[in-house]
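The lines below spell out each chain.
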Amino acid sequence: MMTSTINTANSTANNNRVTVNRVTTLKSSEKRSDQWSQLLISVGENRDRKAFAQLFKHFGPLLKGFAHASRNEGWFPGLGDDLVQEVMIKVWNKAAGYNAEKASATTWIYTVARNCRIDMLRRKSNTQHLPLENEDFWHEPDEETPISLLQQKRSEDKVQASLAQLPKEQDQILRKVYLEGKSHAEASAELGLPLGTVKSRVRLALQKMQIIVSKEAQE
Amino acid sequence: MINSTNHHPDENMLIEFSAGTLETAASICVSAHLHFCSSCRAKLLRLDQVGSQMMSEAEPIEVADNAFDSLMEKIDTSGIEPVKSTPNVDLPFSVNKLMNTSLISKNWKRLSSSVDVARFKTGQEKFEVALHKICAGGKTPKHGHEGVEYTVVLKGSFSDEDAVYREGDFLVRNPGDVHQPMGAQNGECICLSALSAPIKLTNPLGFLMKPWLRINPM
Chain R
0 MMTSTINTAN STANNNRVTV NRVTTLKSSE KRSDQWSQLL ISVGENRDRK AFAQLFKHFG
60 PLLKGFAHAS RNEGWFPGLG DDLVQEVMIK VWNKAAGYNA EKASATTWIY TVARNCRIDM
120 LRRKSNTQHL PLENEDFWHE PDEETPISLL QQKRSEDKVQ ASLAQLPKEQ DQILRKVYLE
180 GKSHAEASAE LGLPLGTVKS RVRLALQKMQ IIVSKEAQE
Chain B
0 MINSTNHHPD ENMLIEFSAG TLETAASICV SAHLHFCSSC RAKLLRLDQV GSQMMSEAEP
60 IEVADNAFDS LMEKIDTSGI EPVKSTPNVD LPFSVNKLMN TSLISKNWKR LSSSVDVARF
120 KTGQEKFEVA LHKICAGGKT PKHGHEGVEY TVVLKGSFSD EDAVYREGDF LVRNPGDVHQ
180 PMGAQNGECI CLSALSAPIK LTNPLGFLMK PWLRINPM
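For the protein sequence lines, the chains are R and B, in the order given. At position 83 of the first sequence the residue is numbered 82 (numbering that gives the first Met the number 0), and the sequence of numbers has no breaks. At position 76 of the second sequence the residue is numbered 75 (numbering that gives the first Met the number 0), and the sequence of numbers has no breaks.
Hints may contain errors.
Unchecked claim - Computed spacing ranges between beta-carbons, pair by pair:
hint	chain 1	residue 1	chain 2	residue 2	range
1	B	G78	R	G77	21 to 27 Å
2	B	K125	R	N92	48 to 54 Å
3	B	D161	R	Q150	53 to 59 Å
4	B	N5	R	K49	45 to 51 Å
5	R	G73	B	V163	38 to 44 Å
6	R	P76	B	V163	29 to 35 Å
7	R	D156	B	K138	16 to 22 Å
8	B	E160	R	P76	51 to 57 Å
9	B	N99	R	L192	37 to 43 Å
10	B	C134	R	P166	35 to 41 Å
11	R	K207	B	V177	51 to 57 Å
12	B	G186	R	A188	42 to 48 Å
13	R	G191	B	K138	45 to 51 Å
It should be emphasised that the hints constitute simulated quantities derived from the structure, not laboratory data. None of the values given here were measured: they were computed from a predicted structure. Glycine included, C-beta positions come from ideal geometry on N, C-alpha and C.
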C-alpha cells in the first residue's frame with residue numbers, strides 16, 4: 000500500500016485484471032446494426048485483413064479530413080497522412096481490446112483519433128519531453144452495464160439528427176470545440192465572446208441535443 | 000468499480016476533456032476521477048459520440064492509392080505485437096504511469112507534521128502536479144489559494160469546513176478560497192492535486208510551513 004516509500008504502491012497497482020471478451024456472442028439483429036463495429040471485432044479476433052481494408056477505406060478519408068479541420072498550434076500540411084497512418088496502426092494493434100458493449104467502432108476510433116491528433120500537435124510544438132500523452136487519459140474500465148450495439152446505434156442516430164437541427168451559432172461553437180480543437184478560452188478569444196458565454200453556449204447546444212441534462216431540469 | 004463519488008468535474012471540463020482540449024494537468028485529474036466515477040464515464044461516452052459524429056461530418060479527403068499497402072507493410076515489418084488491454088483496478092492509469100515514470104523523488108517529502116508530498120514532472124509549466132498524503136486525523140495548515148487547484152481523492156478521505164471527500168471525489172479550489180483540510184481519523188488519505196499558484200497560509204505561524212509556499216511546475 001502507499002506507505003513510507005511511494006514505490007511500494009505499485010506492487011498492488013500491478014494486479015492486472017484480465018478482460019473478458021464478450022463480443023463473440025452478438026445477436027444476429029445486432030450484427031446487422033453496425034457494420035463498422037462488426038469489422039473492428041473481426042480485426043480484433045482474427046487479424047482479418049480484408050475487414051481492416053474496409054475500415055481503412057471508410058475511416059482513412061474521414062481521419063484525414065479530421066486532421067485538416069484542426070486549427071491548432073503546430074499544424075503542418077503532412078498531419079493528415081501522418082494521422083491516418085498513426086491512428087490505423089493503433090486500431091490494428093488495439094483492436095483485440097475493443098469491446099463493442101462499451102462503444103461503437105466509430106466512437107472508439109474517434110477517441111483514438113482525438114488523442115493522436117492532440118499528441119502529434121503537442122509533440123510538434125513542444126520540444127520538452129512529455130511523460131503523459133493524451134492517450135494515457137483514455138482508459139477502459141469494466142462497466143457493469145453493457146450497452147448493446149443496437150442501443151448505441153440508436154443513440155448515435157439521435158446525435159446525428161439533433162446535431163443537424165442546431166441553431167447556427169450553437170453548431171458553430173461545437174465545431175470549433177470538437178473539429179478545430181479549440182479550448183473554451185481559445186474559442187472565446189477568437190469569437191470575441193466572454194468565456195462564460197462560450198461555456199454556456201456549448202452547454203446549451205449539448206442540452207438541446209439531450210447529451211447533457213440541464214441543471215434546471217434536474218431540480 | 001465503485002461509484003460513491005459526490006463531487007464531480009463540471010460539464011465544461013468534461014466537454015473539453017472529450018474534445019481533447021483540456022490542459023494536461025486538469026486532464027490528469029479528470030482522468031483520475033473517471034477511474035472511480037461511472038456516471039461521469041457514461042456522460043463522457045455521450046460527449047464522445049458527439050465528437051465522433053463531428054468527425055464523421057468532417058470533409059473527407061482522399062488518401063493516396065498506395066496508402067493502405069504501405070500501412071500494412073509498416074505493420075508487418077514493425078514487429079509490434081497487438082496489445083490486449085490490462086486495466087489497473089487500483090489506480091487510475093495516468094496516475095500509475097506518472098508514478099512509474101515521473102516521480103521527482105522515490106520518497107515522500109515532509110511538508111508539515113501531518114502532510115507529505117511527492118511531486119511529478121509532467122512537462123508543462125503551469126501546474127505543479129503532486130500526490131499529497133495526510134496522516135490519519137492530521138490537520139493541515141489553514142490556507143488560501145491564489146490560483147486554481149484540482150484535487151482528486153485516491154485513497155481514504157478528508158474533510159474541510161464544507162464536506163467530507165471520499166475516494167474519487169473531484170474538487171476545484173478557486174482563487175480566494177480558504178480552507179483547512181483534515182485527514183479522516185480512520186486512516187491516511189492520499190490525494191492527487193494540480194496546483195497553479197502558491198497557496199497563502201492564513202495561520203500567523205505559517206512561516207514555519209514554508210514548503211507550502213513553493214510550487215514547482217515541472
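Problem set entry | Whether the CB-CB distance between R:P76 and B:V163 falls inside 29 to 35 Å | 53 Å, violated
For this session: Note whether the CB distance of B:N99 and R:L192 lies within 37 to 43 Å or breaks it.
Result: At 42 Å between Cβs, range holds.
Exercise. R:G73 and B:V163, beta-carbon distance inside 38 to 44 Å?
Worked result: 43 Å, holds
Exercise. Honestly, do B:D161 and R:Q150 meet the 53 to 59 Å range at C-beta?
Worked result: Given a distance of about 38 Å, which is not inside 53 to 59 Å, the answer is violated.
Exercise. That 51 to 57 Å hint for B:E160 and R:P76 (C-beta), does it hold up?
Worked result: 55 Å, holds
For this session: State, for the Cβ atoms of B:N5 and R:K49, whether the hinted interval 45 to 51 Å holds or is violated.
Result: 49 Å, holds
Problem set entry | Pairwise beta carbon distance, R:D156 to B:K138, judged against the given window 16 to 22 Å | 55 Å, violated
Exercise. Would you say the C-beta atoms of B:G78 and R:G77 sit inside 21 to 27 Å of each other?
Worked result: With a Cβ separation near 25 Å, B:G78 and R:G77 satisfy 21 to 27 Å, so the hint holds.
Problem set entry | Range hint 35 to 41 Å (beta carbons of B:C134 and R:P166) holds or violated | About 54 Å separates the Cβ atoms of B:C134 and R:P166, which means 35 to 41 Å is violated.
Exercise. Quick one: are R:K207 and B:V177 within 51 to 57 Å, going by C-beta?
Worked result: 38 Å, violated
Problem set entry | Consistency of beta-carbon spacing, R:N92 to B:K125, with hint 48 to 54 Å | About 33 Å separates the Cβ atoms of B:K125 and R:N92, which means 48 to 54 Å is violated.
For this session: Go ahead and decide if the range 45 to 51 Å is satisfied by the Cβ distance of R:G191 to B:K138.
Result: Since the Cβ atoms of R:G191 and B:K138 sit about 47 Å apart, the hinted range of 45 to 51 Å holds.
Violated hints, in rising order: 2, 3, 6, 7, 10 and 11; the structure is consistent with all others.
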